[in-house]
Structure formats: C-alpha cells, structure tokens
Amino acid sequence: MNQETDFSRQLPGLDQALREQIKAPAMDAAFRRQVMARIASQREALLREAAVPETLRGRLRARLLLQLANIGAVGLATALLIAALWPRLAGLPAASGLTQDWGLPAAMAFGAAVLFHGLRRLSLPGWVRRLGI
Amino acid sequence: MTRDQDLLSLLERRDYDAVLEAMMQRHGQKALNLAFSMVRDHSLAEDLAQVSFVKLWQALPRYDGRAALATLLYTITRNTCLSELRKRGRMVSLDALTEADNDDDAPALSLPDDVDHAARTGAAYDVEKLLEGLPENYRQVITLYYLEDCSVDEVAGMLGMPVNTVKSLLLRGRKRLAALAQPLEKAS
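Chains A and B, in that order, give the protein sequences. Under our numbering, read the first sequence as residues -4 to 128, first letter to last. Under our numbering, read the second sequence as residues 528 to 715, first letter to last.
Think of the hints as simulated: they come from the structure by calculation, not from any bench. Treat the hints with care, since some could be wrong.
As the list claims (entries may be wrong) - If you anchor each label on the Cβ, the simulated ranges turn out as follows:
1) A:S3 x B:E655: 27 to 35 angstroms
2) B:D544 x A:A107: 53 to 61 angstroms
3) A:L55 x B:K614: 53 to 61 angstroms
4) B:A594 x A:R116: 40 to 48 angstroms
C-beta: ideal position from N, C-alpha, C; glycine also.
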C-alpha cells in the first residue's frame, strides 16, 4: 500500500511508536474463566426466563382447546336441535315445501355453518402465531 | 474471515459452552482489540468484551448460520461498546466516519499542551497523547489498524465497514496525526 510506505518513510519514528505503543489488554485464561463465571451466575436466571414463555404457552394452548370445544359443542347442539325440530318445521303450513328427508342435511348444514362462524371469530391464524406452531 | 464451520456441529448438539470456549480461543483477542479501540481503557475494554461473550452465548440458541459467528461477535461487541459510550456521553456517531471524509481543508490540529511530555520521558512520541488530539473516529480506526497488524481487511471486517472507507479514514487520520507529530519528528 503506497500510503503505508509514504507514512512510514515520512514519519518513521511515529510509525514505529504507533506499532510499539498501541497495546490492548491480553486475552488470557483468567478472561475466559471470568466469562464462564458470569454465564454460570446467569444460567439459572436465563433458564427461569426461558421457562416463563413455556408456562404462558401452556395456558394459551388450554384456552384454545377450551374455545374449540365450546365452538364444537355449540355446532353439535345446533345440529341436534335442527334435527329434533325438523319434523315440526316440516309440518308447518308456511313451510309446505319442506319434506322430512331434508332433516338430516339441514341439521348438518346449520351445524357446519355455526362451526364455520365460530372458527372465523376465533381467528385461528392469530392463535397459530401466538403459540408459535 | 473464518466461517467457523466446524462449530456448527457443536451448535447442532446445543453444546453452547464449547462453542463459546472455541470462540474465545479464536476471536477473544480480536474482540478485546475492538473493544479497546472503541473505549480506550484497558479494564473497561476487558469488561465489555466479557459482556459481549455472555451476550454471544445468549444469542447462540437463535443463531441461524447466515452470518459468520465471528461477524456476530464483532457486531455484539461494537453495539455493547456503543451503548456504554452512549451511557457515558462519549457517543461515537458512525455517520461521522463518512462526514469526516470531507475535512481535507481543515486546519491542522494544534498539539495537545502536554505533548512534549514524551520528549521529557525519553520516548520519541507519547502515542496516547497524540491520539487524544484526533477525532474519535480516526482514533478508533488507527488504533485497530495497529492492533490488527496493519491489516485493512481485518479492520474493515471487525468494524463492519467497506475496505475503502477504512483506507480513507486511515489516510486522513494519519495525515492529522502527522500534522500533530511533525514538530516532534523534526526535533528528533
């Protein structure tokens, strides 16, 4: 590097002094021991910190399961209710077009609609993100 | 720069202590040099380098292998030192490094009052005093350059700067240093 030789030539004493006098502390075994000691003293705290999100995740998971069970139960109850009420609904004069055969498909459709609505409101992608799945 | 490929198997086994030991063996002195070039105090540099290694150990479980481990260590060390300098009100703006490129016409700095102390103590130059007369950015690059056996590439890698920027800072910093030292050089 030209700059390098120029500088050394113009100010040889200074260049020499810079080389000799700029000294950083030396890396030694004591340094390494101190680093490991710092880590040992923090390890417990770090493990505790790491355990907190795990507990939180467990609670979230339980809440999600509860909500899913809730939505499932409401969907099933809706389907059963429709199935049970269908003979009466089909017998109403205003619903003269309905036949008894449509009972089961109608109950399933209403149950599925309730499930779909519940799951949409639950916002599954948000839960997936929060739980890190 | 070493990619520390052999440490990846240790990382896969989650043997973070072993990775840290190896990193201290291989890059410990460089991390210390980097910290010292920034804070210019032996005990503080040691303390900050140790903190940097602890932070590296904490970061290892999240290490994705995109950057070299050494690069990660230098980034952590730089940030640790910058936070400390900020706390102490000695903030070094990295932007100032490039702004300083335009000060060619700046008048030469005056010598620190006690620079002739060097002559009195027998040393041709008191480098510490001369460096005190330089702006922080030049001082850091010059210090690291001499600590790293005059390797511009090494300095650029450690500071996370382009090689040409380091060369430019080095040239301008040494110009200023020469202006400070010229009277003493003639005298000796």
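Checked hints:
no.	hint	in the structure
1	A:S3 x B:E655: 27 to 35 angstroms	violated (20 angstroms)
2	B:D544 x A:A107: 53 to 61 angstroms	holds (54 angstroms)
3	A:L55 x B:K614: 53 to 61 angstroms	violated (37 angstroms)
4	B:A594 x A:R116: 40 to 48 angstroms	holds (42 angstroms)
Comparing the model with each earlier hint shows violations of hints 1, 3; every other hint is respected.
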